[in-house]
Amino acid sequence: MRLCCPSTCPMEKKPKVSQLCELCHCRKAIVKRPKNLQKICKLCFYEVFETEIHNTIVSNNLFFEGERVAVGASGGKDSTVLAYVLKLLNERYHYGIDIVLLSIDEGIIGYRDDSLATVKRNKEQYQLPLEIVSYRELYNWTMDEIVSCAGLKNSCTYCGVFRRQALDRGAAKLGINHVVTGHNADDMAETVLMNLLRGDVARLEKSTSIMTSSVGSPIKRSKPFKYSYQKEIVLYAHYKKLDYFSTECSYAPEAFRGTARELMKNLESIRPSCIIDIIHSGENLVLKPKKVRKQFRKKDVTEVEVRSDGSVSLFKDGNRCERCGYLSSNRICKACTLLEGLEKNRAKLKIDTDTSTDGAAKTTRELEQLSF
Amino acid sequence: MDTGKCSRCKDNEATVLSRRELFCQDCFIRFICGKQRKHMGSDRYKVKFSDDVKREKVILPMSYGKSSLVLLDILISMFEEQTKNPRAKIGFEVDVVHINDSKVISYQNEVGSVLRKLKNHYALEKYPITFTDVGIESILNTGDVSSLTLHKDFTSTSTRGSSSVTMDDIFEGCPNRASKKDILDVIVKQLIERYAVAKGATSILWAHSMTSLADEVIALTVKGRGSEIFKQLTDGVVPFGESEIDVVHPLRDCSLGEIEKFVQMKGLEEFLLVPSDSPERMMNKQKTINEVVENYFKTVDSSDDNIVSTVVKTGAKLGEPRNFDGKVCSICNGKIYNDPMNWLKNITHHSNLPPETEVEKESLREWLDMNTQTGITDQESASTNEIDLCYGCAVTVGGFKQGKIEWPVRRDAKHEVEAILSEFIIDEE
Ligand code: SF4
Ligand SMILES: [Zn+2]
Ligand SMILES: [Zn+2]
Ligand SMILES: [Zn+2]
Ligand SMILES: [Zn+2]
Numbered sequence: 003m004r005l006c007c008p009s010t011c012p013m014e015k016k017p018k019v020s021q022l023c024e025l026c027h028c029r030k031a032i033v034k035r036p037k038n039l040q041k042i043c044k045l046c047f048y049e050v051f052e053t054e055i056h057n058t059i060v061s062n063n064l065f066f067e068g069e070r071v072a073v074g075a076s077g078g079k080d081s082t083v084l085a086y087v088l089k090l091l092n093e094r095y096h097y098g099i100d101i102v103l104l105s106i107d108e109g110i111i112g113y114r115d116d117s118l119a120t121v122k123r124n125k126e127q128y129q130l131p132l133e134i135v136s137y138r139e140l141y142n143w144t145m146d147e148i149v150s151c152a153g154l155k156n157s158c159t160y161c162g163v164f165r166r167q168a169l170d171r172g173a174a175k176l177g178i179n180h181v182v183t184g185h186n187a188d189d190m191a192e193t194v195l196m197n198l199l200r201g202d203v204a205r206l207e208k209s210t211s212i213m214t215s216s217v218g219s220p221i222k223r224s225k226p227f228k229y230s231y232q233k234e235i236v237l238y239a240h241y242k243k244l245d246y247f248s249t250e251c252s253y254a255p256e257a258f259r260g261t262a263r264e265l266m267k268n269l270e271s272i273r274p275s276c277i278i279d280i281i282h283s284g285e286n287l288v289l290k291p292k293k294v295r296k297q298f299r300k301k302d303v304t305e306v307e308v309r310s311d312g313s314v315s316l317f318k319d320g321n322r323c324e325r326c327g328y329l330s331s332n333r334i335c336k337a338c339t340l341l342e343g344l345e346k347n348r349a350k351l352k353i354d355t356d357t358s359t360d361g362a363a364k365t366t367r368e369l370e371q372l373s374f
Numbered sequence: 004m005d006t007g008k009c010s011r012c013k014d015n016e017a018t019v020l021s022r023r024e025l026f027c028q029d030c031f032i033r034f035i036c037g038k039q040r041k042h043m044g045s046d047r048y049k050v051k052f053s054d055d056v057k058r059e060k061v062i063l064p065m066s067y068g069k070s071s072l073v074l075l076d077i078l079i080s081m082f083e084e085q086t087k088n089p090r091a092k093i094g095f096e097v098d099v100v101h102i103n104d105s106k107v108i109s110y111q112n113e114v115g116s117v118l119r120k121l122k123n124h125y126a127l128e129k130y131p132i133t134f135t136d137v138g139i140e141s142i143l144n145t146g147d148v149s150s151l152t153l154h155k156d157f158t159s160t161s162t163r164g165s166s167s168v169t170m171d172d173i174f175e176g177c178p179n180r181a182s183k184k185d186i187l188d189v190i191v192k193q194l195i196e197r198y199a200v201a202k203g204a205t206s207i208l209w210a211h212s213m214t215s216l217a218d219e220v221i222a223l224t225v226k227g228r229g230s231e232i233f234k235q236l237t238d239g240v241v242p243f244g245e246s247e248i249d250v251v252h253p254l255r256d257c258s259l260g261e262i263e264k265f266v267q268m269k270g271l272e273e274f275l276l277v278p279s280d281s282p283e284r285m286m287n288k289q290k291t292i293n294e295v296v297e298n299y300f301k302t303v304d305s306s307d308d309n310i311v312s313t314v315v316k317t318g319a320k321l322g323e324p325r326n327f328d329g330k331v332c333s334i335c336n337g338k339i340y341n342d343p344m345n346w347l348k349n350i351t352h353h354s355n356l357p358p359e360t361e362v363e364k365e366s367l368r369e370w371l372d373m374n375t376q377t378g379i380t381d382q383e384s385a386s387t388n389e390i391d392l393c394y395g396c397a398v399t400v401g402g403f404k405q406g407k408i409e410w411p412v413r414r415d416a417k418h419e420v421e422a423i424l425s426e427f428i429i430d431e432e
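Sequence order for the protein chains is X and F. Take the first sequence: its position 299, counted from the start at 1, is 301 in the working numbering, and no numbers get skipped. Take the second sequence: its position 317, counted from the start at 1, is 320 in the working numbering, and no numbers get skipped.
By construction, these hints were calculated from the structure, which means they are not laboratory data. If you're wondering where the values come from, they're calculated on a predicted model, not measured in any experiment. Mixed in with the good hints there might be a few duds.
Stated by the list, open to error - Examples of chain X residues toward chain F, derived with CB under 10 Å:
| # | residue |
| --- | --- |
| 1 | Cys46 |
| 2 | Tyr48 |
| 3 | Glu49 |
| 4 | Ile111 |
| 5 | Leu130 |
| 6 | Pro131 |
| 7 | Glu133 |
| 8 | Asn197 |
| 9 | Leu198 |
| 10 | Val203 |
| 11 | Thr261 |
| 12 | Ser275 |
| 13 | Asn321 |
| 14 | Arg325 |
Unchecked claim - Here are the simulated lysine-lysine pairs, BS3-like style, with alpha carbons at most 30 Å apart:
| # | chain 1 | residue 1 | chain 2 | residue 2 |
| --- | --- | --- | --- | --- |
| 15 | F | Lys288 | X | Lys267 |
| 16 | F | Lys49 | X | Lys233 |
| 17 | F | Lys49 | F | Lys122 |
To be verified - Facing chain X, from chain F, some residues (calculated, C-beta under 8 Å):
| # | residue |
| --- | --- |
| 18 | Gly227 |
| 19 | Glu297 |
| 20 | Lys301 |
| 21 | Glu323 |
| 22 | Asn388 |
| 23 | Tyr394 |
We treat Cβ as the ideally placed atom computed from N, Cα and C, and that holds for glycine.
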């Protein structure tokens, strides 16, 4: 058994020249970089991994001095490493930002309750403030309830719409205008492929942008891990012994996304660079200029809405939902529309089931909402 | 199948189900031809009534795969039709061009015997149709063969090499079938285009089915060639140097399933040129990017070809990327957009942590000793020039041994840039 640190121990055996790191040529290579298959040592791996993220941050002007930034923290590897690295880089390069952990509690027993415990530990480990916003307080529904009501198939659709809003609302509550998320290069590449496979023309051009914000919204989002391979994030967390939660959500991702992931895995085994290659392609996808006549017709349909009292209103980006005040191009935002459908279903369910316990649960929930 | 009558003629027994519709054999063939006619409906391909109207000169790139055989069959049936009117003259002539890659890829049969069978089968003497075999090695004559190297800092250089380079030398450092296919694709495309220009052709008819176009959209994306999709999926008149050529994909609305049924009905199997490799029996790692994508579509899109048609429609909505750098790639001759090598440089970090301990310092000395001896550092020679590579070609070459490939660099590459510049700069300041 070794009692000292192997990389600095003077008693350490000298590695063979053929085993040396391809970058520093002085320490034993221990990882093959998934990004370019370069064999490098642990210290050089830290160095390139962290510096690449720093470069991404600087060249895209992601932060300004004094900015308050919320890390969307799920307790999973991506956001855990993100919180750790951001804190480290902030100290090393003096970004002068203020980092807060922001977690969403979707209400998924056996998954989110455990992963939130991880985030709470991260809060102590990294000495960062933590804010938790739950679906239950915001929408009066947990994901578990939504799934039992609307079925497993659309779980991620509901969850995605609600999470987007929840992050914005959580940030607004903290007075923060910038949410960073742990989306990595694999996620970006997958999105590019999915948009092509689904024909999602509206998202095609912007799917790879590192910073997004809706028109009129004060809250911007960014993805500092845009060019970081998932495998490198895992390796980094492993060698740094970061505390993260690795169980997958009990509601598996939709089948179609699953097949796209499988495709990417197969492609990556042939050509590891394909993740970056796909992102490069994604950044160079440009739509042909639209034909003017088509555009007119479309506008007529989507932008003019006739209200029930006969008045006509024009909706543009930057309008707000009439129910909840969230940014929405329609009168009622997506989340409220989904909620409406759920409530109808719940009413139906109530007739069939014993409502006494449900009512009790609802009262406590309403009390909690008051304290929120 | 005894599902009932054909839904088109309401007369014959149906033998095919396609897009939820029942067809008899005749109606199905008419249906596929109709899809092809839609894309070749322009006057270029119609019968001519005057002697002084010049016939359209059509190039049909022919791999002797399913789609190109189907397109050939349809074109011959067009000839047949056009000769029915005694006063009219056939409107176009076809040069069937096969890029013969049997030097680098092995086949179960041989193209000569396929061609003999084919000529026996169709009565071709009556029609203006010729068959040309272009050896893949003729790519070596298109430029000065040089060693192209992609360096670690993402710059690339070319060094004039010997003139005795063979096709084997080109593929020497090739890491796998996937990269070989990348290079072959580039070569075939270039040879076809050069041939078309040299022969004064006015159209090129690519036989891709909807399925293989969908494969291309995804495969190009995966290879980092997303900026090329618009070129591949947009039909129309394209300038090639001095000339203009109508590029058409007449079978772009037919799925591979439909092509296969057509092949069966017309008994075209015997004219297929069959590669010895069959990807079904290969490990994933040995497959090409296109084969993996193809297989993906087979598994997700078994029923209605919905995803396939979505992908093709989406690809067809793409246009030319912004920010043309005014440079063309030394390998594929494609335009380069958005300074890709700089992009790579920005997202890839190469610095290292210097040695700290004595052991580490000693290791470094040892490494330096060994590597200065073998001369890994770049020797710059007088005949070394900086070159430009597009992202896709850089990825391919980067995967080659030592990032190196032997390649015929076009002599007129410099002039081509000038030509393009003069085309786009309207007013010089
Ligand atoms: S997998 Fe779906 S349901 Fe589970 S947390 Fe993610 S989006 Fe929500
Ligand atoms: Zn090192
Ligand atoms: Zn709302
Ligand atoms: Zn019929
Ligand atoms: Zn190229």
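Comparing the hints with the structure gives:
| no. | hint | verdict |
| --- | --- | --- |
| 1 | Cys46 | holds (5 Å) |
| 2 | Tyr48 | holds (8 Å) |
| 3 | Glu49 | holds (5 Å) |
| 4 | Ile111 | violated (32 Å) |
| 5 | Leu130 | violated (26 Å) |
| 6 | Pro131 | violated (31 Å) |
| 7 | Glu133 | violated (32 Å) |
| 8 | Asn197 | holds (8 Å) |
| 9 | Leu198 | holds (6 Å) |
| 10 | Val203 | holds (6 Å) |
| 11 | Thr261 | holds (5 Å) |
| 12 | Ser275 | holds (6 Å) |
| 13 | Asn321 | violated (28 Å) |
| 14 | Arg325 | violated (34 Å) |
| 15 | F:Lys288 <-> X:Lys267 | holds (11 Å) |
| 16 | F:Lys49 <-> X:Lys233 | violated (57 Å) |
| 17 | F:Lys49 <-> F:Lys122 | holds (24 Å) |
| 18 | Gly227 | holds (3 Å) |
| 19 | Glu297 | violated (11 Å) |
| 20 | Lys301 | violated (12 Å) |
| 21 | Glu323 | holds (7 Å) |
| 22 | Asn388 | violated (25 Å) |
| 23 | Tyr394 | holds (5 Å) |
Comparing the model with each numbered hint stated earlier shows that hints 4, 5, 6, 7, 13, 14, 16, 19, 20 and 22 do not hold.
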